[in-house]
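Student: Read off the chains here:
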Amino acid sequence: MKEMLRTIASRLTQGAIVLFVLGTLTFFLVHALPYGPFQDEKAVPDHVRERLEQLHGYDKPLLTQYGLRLKNILSGNLGSSIKVMEGREVSEILRQAFPVSLTLGLIALVIAISIGIPAGIMAAIGRNTSVDYLIMAAALFGICLPSFVIGPMLAEFFGGHLGWFPVSGWNFGDLSTMFLPALTLGLGSAAYLSRLTRAGMLEVLHQDFIRTARAKGQKNHIIILRHALRGGLIPSIAFLGPAFAGMISGSVVIESIFEVPGIGSLFIKAIETGDETLIMGPVLLYGSLIVLANFLVDLVQLWLNPRLRARASA
Amino acid sequence: MEKSPAISPLVADVSESEAGHSLWSDAWLRLRHNRAAMCGLAILASIILLCLIVPFLPILADPALQDLPNKNSPPSAKHWMGSDQLGRDLLSRILHGGRISILVGLITTMVSLTIGVAVGSVAGYVGGKTDAFLMRVVDILYSLPFLIVVILFSTLAKGYTNDFTDWVVDLTGWKRDSIAPFTGLIPLFVAIGALSWLSISRIVRASVQDLSSREFIEAAKSLGLTHRRILLRHIIPNAIGPIVVYATLTIPSVMLFEATLSFLGLGVQPPYSSWGILIKEGADRMLSNPLLLIFPSLFFIATLLSLNFLGDGLRDALDPKSSKD
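As you go down the protein sequences, you meet chains Y and R in turn.
Under the numbering used here, the first sequence is numbered contiguously, ending at residue 311.
Under the numbering used here, the second sequence is numbered contiguously, ending at residue 1800.
If we strip away everything but chain Y, and leave its shape as in the complex, we get (with noise of 0.2 Å):
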């Protein structure tokens, strides 16, 4: 238990300094970029130009405009977006964008989950039969087709032939039309993960505990589930930390052809015009995200791998 405690208190050490790292590498990439909130299509006379620069300070040395965006950063102040949704609270654009997206992520996650691990162990269970071939060319059709050509095919086939699920527009709480853009979402990394549980059971299944469980007469299905998927499922859960972050931040794809509000689009507008506040809000929450995601991980496989505990408390 105290070693648990001093392994959190020390991975939250960890994720402060990341957080701080990325930050400060946010700020100056965003200002070494090409172009700036202020260039616009249209000239922009210059004494309006010079007004907008003062008020967002960008008139100060670069140095002083970093220490004043980490000092309100610190105080949990944003700042609001300067160009793309110009005048508006980031924080307040966050909490109505990403639980959206969260939600999004998380269904897909478990759509992925139940599609690609059960797929993969199958595939390993029955290596080189019909059943392995099947799921194999399924998953590299999932691989090859990206989500702009999935996912109007399945709003053609779901939406437009069946008739079963609304085609487009996100009305929280009604499951049926968050579904179509989480399958879309999903079936990518429901593929990644039935290729990698299959190279994972098949490192598994050729080693001596297996065959000694064999050999003992074990039935089958204990054997994988209770021993095999242990080591099986290593690759495929190292995988799903950064998986699962990289659903929940978006994707401009699915949210422009389901209009999903979600936060995807934003950042990459934020990103093409150098709407400085409104990148460092998402890519902060989404560090915090990634941090807090691989720690997960790491417990997972710490729990799955009484090897790598003895190892760790070692």
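Derived by calculation from the structure, the hints in this document are not laboratory data.
Predicted, not measured: the structure shown is a model, and the values here were computed from it.
Don't take each hint at face value.
Said to hold, decoys possible - Partial pick of chain Y residues on the chain R-facing surface, computed with a CB cut under 8 Å:
#1 L52
#2 F236
#3 N302
Glycine included, every Cβ here is placed at the ideal spot set by N, Cα and C.
Guided by the hints, dock chain R onto chain Y, whose structure is given.
Tutor: The following block gives chain R in isolation, referenced to the frame of chain Y:
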């Protein structure tokens, strides 16, 4: 290196000289007996060859050539895979696009594989503070807005790529126009590769952590093998399955990512194109002319399917455990 004959056992010397030879030649022998893998290799080789020689083929040489009377034509004797809305031959566009897509796939995957396996295996094997440091760097890079880094990197590299193109022109005497679209993209590819090793490193680290705690690694350590040798000879070959699988997964994802970048104006620019771009353009016209989506996708899928079979075969061939069976 000086060796004291009393300590260095004869056995170690024999394995040193023979294992290096037999690991790879054994693998090749096993690979040659794997029909699916050899099929994959053959298909892959023919696609690459076609893409390489396409500028020298009489009717396919110019992908931008417009056959205006035959816009949107179905497959015919003149246009084997039909033509697009501007009357350009689809097969020619696909083969020219393949040059860029295959280049993207190879360069970025090599870069990301090298960095990812190195970082992941060191983090997993050494553990402790090194592991924490490397993995937090990975966390930071994960969260850094990829697009900004790519934009900055390609702006920065622009001057250097021009010099590099000049250098290649001087060296080979090729026409500047014919290689500029490729050399101009190299910094972009390197940037993509340099940022797409993160998932590989996490997966390799997880496998290596697991392997490092096994008895045979304890044995290798107590035999006094160097860490380097343990990693390269005993750990990485045992983690080869997930590595090969992830490498074959990286190739399609970077090929498609290249298309995304091109639409933001960062990658390949018209009249040049790539498989990703053709698939995207085809997807936009999915209902009016589905062939524009189907044919490029077929090439893409055939390439990846054969890569997969080859990868699976390679995995089996390199797997130290499969020699027992």
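Student: With reference to the structure, classify each hint as holding or not holding.
Tutor: Do the hints match the structure? See the list:
A distance limit of 8 Å between C-beta atoms decides the matter here; for L52 (chain Y) the minimum to chain R is near 24 Å, and the interface restraint is violated. For F236 (chain Y), the interface hint holds, the least distance from its beta-carbon to any beta-carbon of chain R being 6 Å, beneath 8 Å. Here the hint on N302 (chain Y) is kept, as its CB sits about 6 Å from the closest CB of chain R, short of 8 Å.
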